[in-house]
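J.: Sequence order for the protein chains is A and B.
Position in the first sequence (first residue = 1) + 12 = my numbering.
Position in the second sequence (first residue = 1) + 12 = my numbering.
One or more hints might be untrue.
The list cannot tell twin chains apart, which means a pair is met if one copy fits it or any two copies do.
Derived pair list, reagent style SDA-like, types lysine to any residue, alpha-carbon separation capped at 25 Å [to be verified]:
(1) Lys212 - Leu183
(2) Lys212 - Phe188
(3) Lys212 - Ala236
(4) Lys121 - Gly171
Since the hints were derived computationally from the structure, they do not count as laboratory data.
Single-letter residue listing:
Protein chains: 2
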Amino acid sequence: MDVIKVPVVEEILSANDQLAVANRELLDANKVFGVNIMSSPGSGKTSTIVATQERLKDSLRLGMVDGDIATTIDADRAAEAGMQAVQINTGGNCHLDAVMVSQGIRSLKLEDLDLMIIENVGNLICPSSFKLGTHISVLIASVPEGADKPYKYPPMYRGVDAVIINKIDVLPYFDFDMDYFVKGVEMLNPGVKSFPISNKTGEGLDAWADWLYEQVAAYQQSAAE
Amino acid sequence: MDVIKVPVVEEILSANDQLAVANRELLDANKVFGVNIMSSPGSGKTSTIVATQERLKDSLRLGMVDGDIATTIDADRAAEAGMQAVQINTGGNCHLDAVMVSQGIRSLKLEDLDLMIIENVGNLICPSSFKLGTHISVLIASVPEGADKPYKYPPMYRGVDAVIINKIDVLPYFDFDMDYFVKGVEMLNPGVKSFPISNKTGEGLDAWADWLYEQVAAYQQSAAE
C-alpha cells in the first residue's frame, strides 16, 4: 500500500508569528510604518535612530520601542530627542519577540505616529529568527567589527531590507575591506539597499533618511488608496 | 496535616552542566588548562588568540576550539599560527554548549597540549548561560563598542575571570569613557583582572600573556602535586 500523501500542507503559524501578524494589523490600522533595527552590541543603533529623528522630525512623527536586557539608556536618548519612546527590558532574553513588541506598541500613542522604529537587542544571531510585525527590517554593521561578518552571520544578512554600514569615519584606522564586505552582502542578499554612514560626521545620513522617508510616504499613500 | 518538607535539596545538574564537568575531567586528566573566550562579533577574539600563541608558543603548547555559525575563517587563522585548531559550526546556534565542546576537545590531541582556548560564538548574551568545563572564562570588550556595555550586558560581565579591553589604539577616535566602563565592570565583578590591549600595535599583550602563562603554570604545578 502506498503511503497517503497530504496534497496541501497548510502553513501553521507559530505563536510568535501569529502575534507578529496582529502587531502588523495594529500598525496598519493606525497607518504607522514599522522598522526593526538589528545589530551587534555597540554598532550604533541608538545613534542612528536619534540622527534619523533629527532629519525626519519636521515631516514625520517618530516613535521608538527599545529592547535591552538591562537599563533605559537608549530609550532615554530617544526621548530626549523628542521621540515617543518605550523601553522593554527583556530580563536576560537575547532578542525581542512579537509578545514583547506587542506590549511596546500598545504603550505608544499610535494615532500620533507615522513611523515606529524598534531597536532590537544587540545581537547578530537570535533576533533574526523572530518576526515582530514590522514592515521592513534593517541591519546596522560597523567598520570596527570587520568585513567578514556577512560570511559569519549569514541568517542576519539574508533577511533584511537594508544594510547600514556605520562608523565609516574610522575607515583609515581599521583594515576593513569594503569590497569583501559588499561581496558577502550581495551574495546573501542580492540588490539589498546599503547606506555607508557616520553618526560622528553625519556623512551618508541624509541618503538613509531620504530613503526611509520614501518608504513611509509610499506606505501611507497606498494605505490611503 | 502539615506539608512534608524536604530538608535538603540536592543540586541536580542540568545535562549541559554534567557534560561540562566531564569536559573538565578530561582536560584535567591530560593536565590541559581550558579558557573560554567570549565577546561581541568583531571584538578581536581570534586576533587575541593568535597574538597569545605568538607570545606563548615557546613555553606552552596551545590548542583552539572555535565556534561559529558558519565558515572556518577563525580556525584557519589559528592553524596558520601553528595551533592545533578545531572548528565547530553551530548550525545557527547562538552559543557553544558543553556537548559541542566535548566533541571539539575529543578532536584535539590533548596529550600534546598545555592550554586549550575556546573561541565562543560572537555574542554578548547567550554564551554566558552555558558552562563548557573550562577553568576560566575571559571577556573581550573593545573600544568601538562603547563604554556602556557592562551596564547593558551585566550577566556576561558578572561571570568572567578577566576582562580584556581591545582596540585601545583607536581611543583617540571614539568617545569612550574609560572611567565609566571600569566603574561598570567593578560594580558587577569587583577585583576582576583587566587588560587594556591593542592587537594592532601589540600594546598590553605581554601583560595579558604573562598573566595567562602564570595561570597555566600554577594549574600544572598543583596538578603535579
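J.: Indicate, hint by hint, whether the structure satisfies it.
T.: Outcome of the hint check:
1. For the homomeric pair Lys212 and Leu183, the shortest alpha-carbon distances inside one copy (13 Å) and between copies (14 Å) are both at most 25 Å.
2. Proximity of Lys212 to Phe188 under the C-alpha cut-off of 25 Å is found in both arrangements, the shortest distances being 18 Å within a copy and 13 Å between copies.
3. For the identical chains of this complex, Lys212 and Ala236 are neighbours neither inside a copy (37 Å) nor across copies (55 Å), given an alpha-carbon limit of 25 Å.
4. Within a single copy, Lys121 and Gly171 get their C-alpha atoms no closer than 29 Å, and across copies no closer than 40 Å, so neither meets the 25 Å cut-off.
The structure fails to meet hints 3, 4 from the earlier list, while all remaining hints are met.
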